[in-house]
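A.B. asks: Here the protein sequences line up with chains A and B, keeping their order. At position 155 of the first sequence the residue is numbered 155 (this note's numbering), and the sequence of numbers has no breaks. At position 12 of the second sequence the residue is numbered 12 (this note's numbering), and the sequence of numbers has no breaks.
Don't take each hint at face value.
For each label pair, taking beta carbons as the anchor points, the in silico distance ranges come out as [as the list claims (entries may be wrong)]:
hint, chain 1, residue 1, chain 2, residue 2, range
1, B, 236, A, 58, 44 to 50 Å
2, A, 302, B, 117, 33 to 39 Å
3, A, 114, B, 312, 52 to 58 Å
4, B, 319, A, 29, 56 to 62 Å
5, B, 22, A, 126, 43 to 49 Å
6, B, 118, A, 23, 44 to 50 Å
7, B, 117, A, 57, 31 to 37 Å
8, B, 295, A, 186, 19 to 25 Å
9, A, 148, B, 157, 26 to 32 Å
10, B, 245, A, 8, 20 to 26 Å
11, A, 277, B, 151, 41 to 47 Å
12, A, 23, B, 245, 54 to 60 Å
13, B, 312, A, 140, 54 to 60 Å
14, B, 282, A, 140, 53 to 59 Å
Within a straight-line C-alpha distance of at most 20 Å, the following computed EDC-like cross-link-like pairs (lysine to aspartate or glutamate) qualify [what the hints assert, rightly or not]:
hint, chain 1, residue 1, chain 2, residue 2
15, B, 186, A, 305
16, B, 5, B, 167
17, B, 133, B, 164
18, B, 186, A, 245
19, A, 214, B, 248
The hints are simulated quantities; they were obtained by calculation from the structure and are not laboratory data. Every residue gets a Cβ at the ideal spot worked out from N, C-alpha and C, and that includes glycine.
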Amino acid sequence: MARCDDWQPDGVIPAALLPFTADFSLDAAGARRHFDHLVATDGLSAITVNGHSSEIHACTADDQARVLDIALDAAGDALPVISGVYSDNTLEAARIARMADDHGAAALLIFPPHSIGMGGGQSRPEMARAHLSAIASATDLPLIVFQYDGPYAYRLDDLVGHCEAIPAIRAIKDKSPPPLHERTINTLQSLPRPVNVLTTCSAWLMSSLVMGAKGVLSGSGSVIADLHVALWNAVQANDLSRAREINARIYPTAQCFYSQPICDQHNRMKEALVMLGRLDGPAVVRPPLQKLGEAELANIRAAIDATGLDARGASGLNNLPVAAE
Amino acid sequence: MARFKDYEPHGVIPATLAAFDTDFEFDWKETRRHLAFVAQTEGITAITVNGHASEIHACSFDEQARMMDEAGEEIGDRIPLIAGVYADGSIEAVRVAKMAADRGASALLCFPPASMGFGVIQRRPETGITHMKMIADATDLPMIVFQYQNELAYPFDTLVQMCDEIDNIRAIKDWSPPQVHERHIKALHSLTHPVNVLSTNSAWLMSSLVMGADGLLSGAGSVIADLQAALFRAVLAQDLAAAQELSDRIWFTTQVFYADPFGDMHNRMKEALVLLGRLDGPAVVRPPLMKLTETEFARIAEAMSAAGIARDGATGLDAFAVAAE
Numbered sequence: 001m002a003r004c005d006d007w008q009p010d011g012v013i014p015a016a017l018l019p020f021t022a023d024f025s026l027d028a029a030g031a032r033r034h035f036d037h038l039v040a041t042d043g044l045s046a047i048t049v050n051g052h053s054s055e056i057h058a059c060t061a062d063d064q065a066r067v068l069d070i071a072l073d074a075a076g077d078a079l080p081v082i083s084g085v086y087s088d089n090t091l092e093a094a095r096i097a098r099m100a101d102d103h104g105a106a107a108l109l110i111f112p113p114h115s116i117g118m119g120g121g122q123s124r125p126e127m128a129r130a131h132l133s134a135i136a137s138a139t140d141l142p143l144i145v146f147q148y149d150g151p152y153a154y155r156l157d158d159l160v161g162h163c164e165a166i167p168a169i170r171a172i173k174d175k176s177p178p179p180l181h182e183r184t185i186n187t188l189q190s191l192p193r194p195v196n197v198l199t200t201c202s203a204w205l206m207s208s209l210v211m212g213a214k215g216v217l218s219g220s221g222s223v224i225a226d227l228h229v230a231l232w233n234a235v236q237a238n239d240l241s242r243a244r245e246i247n248a249r250i251y252p253t254a255q256c257f258y259s260q261p262i263c264d265q266h267n268r269m270k271e272a273l274v275m276l277g278r279l280d281g282p283a284v285v286r287p288p289l290q291k292l293g294e295a296e297l298a299n300i301r302a303a304i305d306a307t308g309l310d311a312r313g314a315s316g317l318n319n320l321p322v323a324a325e
Numbered sequence: 001m002a003r004f005k006d007y008e009p010h011g012v013i014p015a016t017l018a019a020f021d022t023d024f025e026f027d028w029k030e031t032r033r034h035l036a037f038v039a040q041t042e043g044i045t046a047i048t049v050n051g052h053a054s055e056i057h058a059c060s061f062d063e064q065a066r067m068m069d070e071a072g073e074e075i076g077d078r079i080p081l082i083a084g085v086y087a088d089g090s091i092e093a094v095r096v097a098k099m100a101a102d103r104g105a106s107a108l109l110c111f112p113p114a115s116m117g118f119g120v121i122q123r124r125p126e127t128g129i130t131h132m133k134m135i136a137d138a139t140d141l142p143m144i145v146f147q148y149q150n151e152l153a154y155p156f157d158t159l160v161q162m163c164d165e166i167d168n169i170r171a172i173k174d175w176s177p178p179q180v181h182e183r184h185i186k187a188l189h190s191l192t193h194p195v196n197v198l199s200t201n202s203a204w205l206m207s208s209l210v211m212g213a214d215g216l217l218s219g220a221g222s223v224i225a226d227l228q229a230a231l232f233r234a235v236l237a238q239d240l241a242a243a244q245e246l247s248d249r250i251w252f253t254t255q256v257f258y259a260d261p262f263g264d265m266h267n268r269m270k271e272a273l274v275l276l277g278r279l280d281g282p283a284v285v286r287p288p289l290m291k292l293t294e295t296e297f298a299r300i301a302e303a304m305s306a307a308g309i310a311r312d313g314a315t316g317l318d319a320f321a322v323a324a325e
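Sequences are here, hints too, so could you generate the full structure?
C.D. replies: Shown next as structure tokens:
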């Protein structure tokens, strides 16, 4: 188990999916296989479980503890495991945080509670502050704050306030639209105690990374983590030509996964893993997510073909020119 | 002034501002000084007049015609002029287009009529296509379709159909959010008769350009055309380090120009030109735009200084000109 309380999350961090059996129960063997595949990817800095991509909204507290244990076992000493804290109830969020800490998570990804919706996110920033503070008091783990776009987004000034008041916040996972994304990067990464911005703008990843994000925390990493690493390395090396080449490969997959309705993104990724033979079929999602139709499945097949994915990863990736080092 | 034959819209295209005196009448002398200043910028391929940047919404037909004449006299022999076609009625749009063609425009920038709002363009795509076809039938000038990102945005299929069916359409000025922007670039480039995508995402220009946009058509070019041209060159040269350095400078200005409320962008640019000594003050905008506050002036001044912009242009750009060749 890798564990470091001073860890500042950065680099490429896939968020894992969670397979279920036909009766919607957790498929522990399938999960282990999926996590093993991710952990074997060169160049990652961590993996995340219990996020949107693991259908956290449909997982019980017991499911979450079990998923974390399987992931920790798969990661061993090789990689830190980040665990999501998803609850609309602050007291429950603190309990989940403590559970994750006890089990051995290396950091926590904090979702905004939906209970700050209907205006609370913007007008009552003390609600979010209390939520984050309660979690920070419950554990010593580094925190990654998930910054949405839309009604659950924290105002940037409030976010800066949270980061300054709560030293456990080491990073945010940022879904802001472009001008605000860049402003967030420039602001948080220049604080006296810098906070890393991990992009979650996987639908336009290269353009986000060139703005200077310190990493990527992404559900599509469950399928294309190796391409994310290649893109990340190219951008870090200022090799725009290679970055664009890899981006061109990512493009069909990203356009497919993040097409409307966006809520089906992880549904599509799970089908992709089955098509690639990285998960046993059929791909099962828990309701309210519903099985995708044939047209969607055909789109996914076309996208993974266009990107050039196979059971192991992105084909021929090692044959791309080596980044200028 | 004669039209530039076979002009293909691409590269760096500033959209210029209009100078008014304190009675809200056109100040043609200052408007021409501004046009002349922008036109001498190295690396630009055309100048756009009668766009948002020149407060087209508040200019009469006669004033738009005079703008063409004044601009034609001042810079028309040196550089192609692109004329905005801004009208909510298609018949009036045709009249404007003919006027611009008669006065030597080399291309037309076609705004979406606001009359397509209230859901019309989404449900009745033939409205937008007819508007463009009527303009195309009236002149043989290359057309640039302004693609908005709000309720006046043409749906993807409508945009593609328009570009496919109307040969005069040679480019779009694209204001779409990132994922859609990249999709437009790929889709319009793959048409039998490829259509250029000019970015108008000046608030996140570098990230837009690395997606492969063919150029940019931007009101901010009225102030920072030289920085935009240097950035465009750096991206074409795949020099990410130089691009990021230039983007960091541009960022100071765009964060201020495109701050909330977005509708004051050209108001701010005009104040910037006065602050820089490139226009005689006071900066006057026609109502309903209203004079900015002292706080805004201070912010603009700070941005110009942080970005290293002086009366004659952005300082220290010679190094980039060399680096990119």
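A.B. asks: What are the numbers of the hints that this structure violates, sorted from low to high?
C.D. replies: none
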